[in-house]
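*Asks:* In case you want the letters, here they are:
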Amino acid sequence: MRRNELFTAGRLRLIAAAVVVVNGFFPAVWILLTSVKPELELVRKPITYLPHEFTLDNYVQVFRQQPLGLYLANSVIVASASTVVTLLVSACAAYAIARLRLRHRDLILSAIIASSTFPLVTLLVPIFQTMRAVGLLNTYPALILPYVVLSLPVCTLVLVSFFQSIPRDLENAAMIDGATRFGAMWRIVVPLAAPGVFTAGILAFVNSWDEFLLALSLNSAARMRTLPVGIALYQGEFTFPWHIIAAALVVAIVPIAVLIALFQERVVGGLTTGGMKG
Amino acid sequence: MASVELTRVAKSFGSTKVIHGIDLRVDDGEFVVFVGPSGCGKSTLLRMIAGLESVTDGTIRISDVVVNALPPRARDIAMVFQDYALYPHKSVYENICFGLRLRKTSAAELDRRVREAADILQIAHLLDRYPRALSGGQRQRVAMGRAIVRDPQLFLFDEPLSNLDALLRNEMRTEIKKLHRRLRATSIYVTHDQVEAMTLADRIVVLSGGHLMQLGSPDDIYHRPVSKFVAGFTGSPPMNFLPASVARPNGVALVELAGGRERFALPARWQALGATLVGRDFEFGIRPEDIGVEARGNDVAEIASTVIVTEPLGAENLVTLGTAGGELTARFAAGVAPRPDEALRLRLDLSHMHLFDRQTGEALRP
Ligand SMILES: Nc1ncnc2c1ncn2[C@@H]1O[C@H](COP(=O)(O)OP(=O)(O)O)[C@@H](O)[C@H]1O
Ligand SMILES: [Mg+2]
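So the protein lines, in turn, are chains A and B. 1 is the number of the first residue of the first sequence in the numbering used here; add one for each residue after it. 1001 is the number of the first residue of the second sequence in the numbering used here; add one for each residue after it.
Each hint should be verified, as a subset may be incorrect.
To be verified - A few chain B residues that don't get close to chain A, going by computed Cβ distances all over 10 Å: (1) 1005; (2) 1082; (3) 1103; (4) 1109; (5) 1119; (6) 1120; (7) 1226; (8) 1235; (9) 1265; (10) 1272; (11) 1294; (12) 1324.
Stated by the list, open to error - Quick list of the computed label-pair ranges, beta carbon to beta carbon: (13) 1119/B to 161/A: 35 to 45 Å; (14) 217/A to 1107/B: 36 to 46 Å; (15) 1015/B to 21/A: 32 to 42 Å; (16) 1070/B to 168/A: 16 to 26 Å; (17) 168/A to 1119/B: 24 to 34 Å; (18) 1057/B to 257/A: 26 to 36 Å.
Said to hold, decoys possible - Over 12 Å on every C-beta distance to chain A, these chain B residues come out as not near it, computed from the model: (19) 1054; (20) 1076; (21) 1095; (22) 1263; (23) 1267; (24) 1314; (25) 1331; (26) 1337.
Hints listed in this document are in silico derivations from the structure and should not be mistaken for laboratory results. This structure is a prediction, so every number in the text was calculated from the model and none was measured. In this text, a Cβ means the ideal position worked out from N, Cα and C, and glycines have one as well.
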């Protein structure tokens, strides 16, 4: 058997996919399993992989011991609000870049890309000082505003490419049919760019949902903590209550997983075909 | 219903001028076709009338209202696009009624009008489908339905048939003509296809390089072209051109082909003009149907030729012929099918001859 038959393209692809999936899912699966084991089982040797004793007590505890419900609500509010604002702003920006005859279009696009390359730590101090100066520390806008700014570049880029894939004459037809330019964008381009809008929306939501550094620095008051901050600060209380933390993590992961699963349906393409000659 | 008036309309993209000062009036109820080679600015001109392109210079009036600054929605027009531009996420029904919905038409009225338009275009059975489930011809009909349902004062068409196969194209062409007879709406139709232009138009606007070359009825354009460009653009196969000059050896003006190897007298009505043309260079123009093997009429010139190929079309034969002055294409009746290399005496019907200045391409008129 020749070597290259052993490593066919198909097999290599399968191996690569397996590595990615295992690497990505193993921690999540491990956390899920941990979250349904009683505390004693975690420290028992030999290690049990599947729980011997299945329990949901950790989930009850996690909401009792800590205001996890509050953190969850904070995260949902901050992530949802920043996603909505990001989508509105980036849709308009992307539309302008993709459609209007802008002067310095390429320069604007480069500036957007450049702005997304600053490491967050370098922005931390200026953002903190700004928020303190305007008295927004420990408020929702303190996180929503910077999250919008952080998600805008990538969302704008995603939407630009989606908008560019939609034939201009569709909008022209709508404008001749009686729509304003904004109306044509809203009724024709945005629905057709739905896969792109969902993609951008998920990016923005996940960005905000996962963010830790700003959330820790700007909203450290207990009542304003988001999930990542709330969960991270569990550790300091006494020992490491891994079973509780695992349950909290599952609570944090599930909304994102559900969100992506829901919208994946919508992201499936095929929506844009058929209107034009092809 | 509406008239459209263009006054010195010009368009530049950056520093590139693509439309050079066009003056034109389309009368109420008229069907005008813009025709010209690809890239000559037909679409740009149409889109300026639609309000999809800004007007760099000049004035556009629709029904005597200056519309330069009006957005498309305020112009009360409908447009059929080359690629149909149906809304992919809307059903045929919703595609057709989109404009009515935007205008807050009552539900009953809207439904009545959609069904009426669908009946006219024979697409009533397709109303629930989505564009992706339609054939090219059906999409074309839906695009037309979307235009007529609004009952606009002006219809614009940008090469609406160019994506259809030949058979369907002829069918839809007839359909458009029937529709115009029925609705009598002012229409501007863009095409690069001279057959479409000839068959549909009340008047034709021939464009080239952003300039208006000629404006006239199909008959004018075909029989009285003002330039070699226009003459060569119409007819299929188009007019034949042979390099020629005029001589007047003994008081009679003659056309000389191939440096005098072939020569014949200009018809009587050309004689006066012919006397002034001696010594200049021309293109002699004659259409394929004006070349025969038997004498027809009085003004006939005879020249020698050799058959190169014969292309039978069933109802007629296209014959490519070699002459001293160059190649000619002739259209013969089905019974006349000469073989290659056969020598033929050709009779040119000079009552339909043309002369064009070889430098400027301008047509001369006796
Ligand atoms: N948006 C544009 N920017 C720059 N040049 C353009 C634009 N649209 C059209 N042109 C140019 O204008 C000329 C006329 O184009 P068009 O009106 O589309 O021609 P036609 O419809 O007769 O084929 C072409 O040379 C084309 O390259
Ligand atoms: Mg065009």
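*Asks:* Are the hints correct? Go through all of them and say.
*Replies:* Here's how the hints hold up against the structure:
no.: 1; hint: 1005; result: holds (20 Å)
no.: 2; hint: 1082; result: violated (8 Å)
no.: 3; hint: 1103; result: violated (6 Å)
no.: 4; hint: 1109; result: holds (15 Å)
no.: 5; hint: 1119; result: holds (21 Å)
no.: 6; hint: 1120; result: holds (18 Å)
no.: 7; hint: 1226; result: holds (34 Å)
no.: 8; hint: 1235; result: holds (28 Å)
no.: 9; hint: 1265; result: holds (54 Å)
no.: 10; hint: 1272; result: holds (53 Å)
no.: 11; hint: 1294; result: holds (47 Å)
no.: 12; hint: 1324; result: holds (48 Å)
no.: 13; hint: 1119/B to 161/A: 35 to 45 Å; result: holds (42 Å)
no.: 14; hint: 217/A to 1107/B: 36 to 46 Å; result: violated (56 Å)
no.: 15; hint: 1015/B to 21/A: 32 to 42 Å; result: violated (55 Å)
no.: 16; hint: 1070/B to 168/A: 16 to 26 Å; result: holds (20 Å)
no.: 17; hint: 168/A to 1119/B: 24 to 34 Å; result: holds (31 Å)
no.: 18; hint: 1057/B to 257/A: 26 to 36 Å; result: violated (59 Å)
no.: 19; hint: 1054; result: violated (10 Å)
no.: 20; hint: 1076; result: violated (9 Å)
no.: 21; hint: 1095; result: violated (8 Å)
no.: 22; hint: 1263; result: holds (53 Å)
no.: 23; hint: 1267; result: holds (49 Å)
no.: 24; hint: 1314; result: holds (31 Å)
no.: 25; hint: 1331; result: holds (34 Å)
no.: 26; hint: 1337; result: holds (39 Å)
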